[in-house]
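S.K.: Read off the chains here:
There are 2 protein chains.
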Amino acid sequence: MADLRDHGDPGDAPSIPPPTAPVSDATRPSAAEEARTIAASTNTATLATLTSDGDPWASFVTYGLHEGAPVLCVSNLAEHGRNLAGDQRASIAIVAPETPDDPLASGRITLAGVAVRPTGAALDAARQAHLDAVPAAKYYIDYSDFTLWVLDVQRVRWVGGYGRMDSTTGAQYTAAAPDPVAPHSAGAIAHLNADHADALTAMARALGGYPDATAATCTGADRYGLDLRVDTPRGIAYTRAGYLKPIDGIGELRAAAVELTRRAQRG
Amino acid sequence: MADLRDHGDPGDAPSIPPPTAPVSDATRPSAAEEARTIAASTNTATLATLTSDGDPWASFVTYGLHEGAPVLCVSNLAEHGRNLAGDQRASIAIVAPETPDDPLASGRITLAGVAVRPTGAALDAARQAHLDAVPAAKYYIDYSDFTLWVLDVQRVRWVGGYGRMDSTTGAQYTAAAPDPVAPHSAGAIAHLNADHADALTAMARALGGYPDATAATCTGADRYGLDLRVDTPRGIAYTRAGYLKPIDGIGELRAAAVELTRRAQRG
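Taken in sequence, the protein lines are chains Z and H.
Reminder that position 50 of the first sequence reads as 50 in full-length UniProt numbering, one-by-one numbering, no gaps.
Reminder that position 207 of the second sequence reads as 207 in full-length UniProt numbering, one-by-one numbering, no gaps.
Hints in this document: simulated from the structure, not taken from any laboratory.
Keep in mind that a hint or two might mislead.
[Said to hold, decoys possible] Derived Cβ-Cβ restraints for the label pairs, each shown as a range:
hint	chain 1	residue 1	chain 2	residue 2	range
1	H	219	Z	139	15 to 23 Å
2	H	219	Z	184	29 to 37 Å
3	Z	186	H	219	27 to 35 Å
4	H	196	Z	116	49 to 57 Å
5	Z	139	H	18	14 to 22 Å
6	Z	262	H	183	48 to 56 Å
7	H	174	Z	214	50 to 58 Å
8	H	238	Z	198	55 to 63 Å
9	H	212	Z	139	19 to 27 Å
10	H	252	Z	186	36 to 44 Å
11	Z	119	H	219	35 to 43 Å
12	Z	97	H	183	18 to 26 Å
13	Z	161	H	174	32 to 40 Å
[What the hints assert, rightly or not] Which stretches of chain Z does chain H cover? Using the computed rule of at least three CB atoms under 8 Å from a CB of chain H, they are:
hint	region
14	51-61
15	85-93
For glycine and all other residues, C-beta sits at the position ideal for the given N, C-alpha and C.
My request is simple: use the sequences and hints to build the entire structure.
M.R.: Take a look at the structure:
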């Protein structure tokens, strides 16, 4: 996964102090994993289709997921329904529902590919996936003029916020799993910040590459570790504290944080 | 403005009882006014552009408005920036930020047209419009590789929720004004529902065409009147109570509601 700023810095943006010691394990979720997590985080998105003139048409949609593939239920009479009937090329943009003050700090993805009409068992699975995500669809999913479309994802763009972005393939996206920890971590993060500030600072110093940390705040938790925002005399920095091995659910986060604290205090 | 259900009803959806008396004034905001109101309600949207292969590409953007035209500030290195440089056809989908339980009840619009790079005074106005809506853009708006694009809106699709939708032209959209009342009406609506339930019921009976109303709730207020949800022995219905003349701001809503109440009780 590349951490890139994809624009030219005019030189007046705040600079971020680099680590002055090795980061013990900076493993983060892959772009494919991040994308699967964002896709699983909501049930609304914007679809881009092509009009009969080949113009791009953006429209609000609801979706469910079947093995990571967005399942749409659209009216054949609506513009996007007519568009899909004419040309199956499509992409879908999904924004993670957290709303930071700065909207460009939001995580978001574009999934691009071709919409297909499932049949047989695939149709049943798609129908159920849509209903699971959009309960109100029961009122129209069987209307004669609504069609289920599954987006066969061929290309994925993920933006995690400023400076975190990458592309991946549909195959990698499909093979990845949504993060089992991040969507459930808000309470644990609040607890770490409220009651374990010293442990977080120790992690930033001993494991995160910032021996000059004066304070640290946990800003995220996922299957691989904790995101830390670090105060240093040189400015504010961002780093990771990685668990010894990935965890499979929120129930394992407490033990993983205790283990991180022990390693940090030993260091 | 057309009130259409644009799909075939399989016959098992709940039916809505029709009014049994004339509705005194059912004037609602036009599709162009509704669209301007939704456009003015937020600063994030999804842009649809065309890749070099002509595929549709959906991507998250922030925007400001200059005389109703979305002003985007996008990196030339990002996929949507490269797309716009190659083909200026674009559309933008905007969803009103209220989040009803059923996402398809959300108001949303698609504005379609051609993206243009403003110059001279238009560039200054566009830059300021973007900064007014997206303060954080000050950190990158002057980066050498960011470009301001203004969407010249040619075609508009508005969906107000189930059964309320219409299309309009770019010219009508541009000439319309956002509603001066609706975005500020939540407190007044809560007050009407909490303290003036009898007056609302009287409005539904005398002005809204439902003499058999047993209760009524205000679900919206705009420059032309109040939206009412009406309980009747025949089921739940939706109607309007229209002011004698349009109002220009939330400060006039109280007097307009008093006048509606007087007319209803006189009726």
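S.K.: Under the constraints set out in the numbered hints, which ones does this structure not fulfil?
M.R.: none
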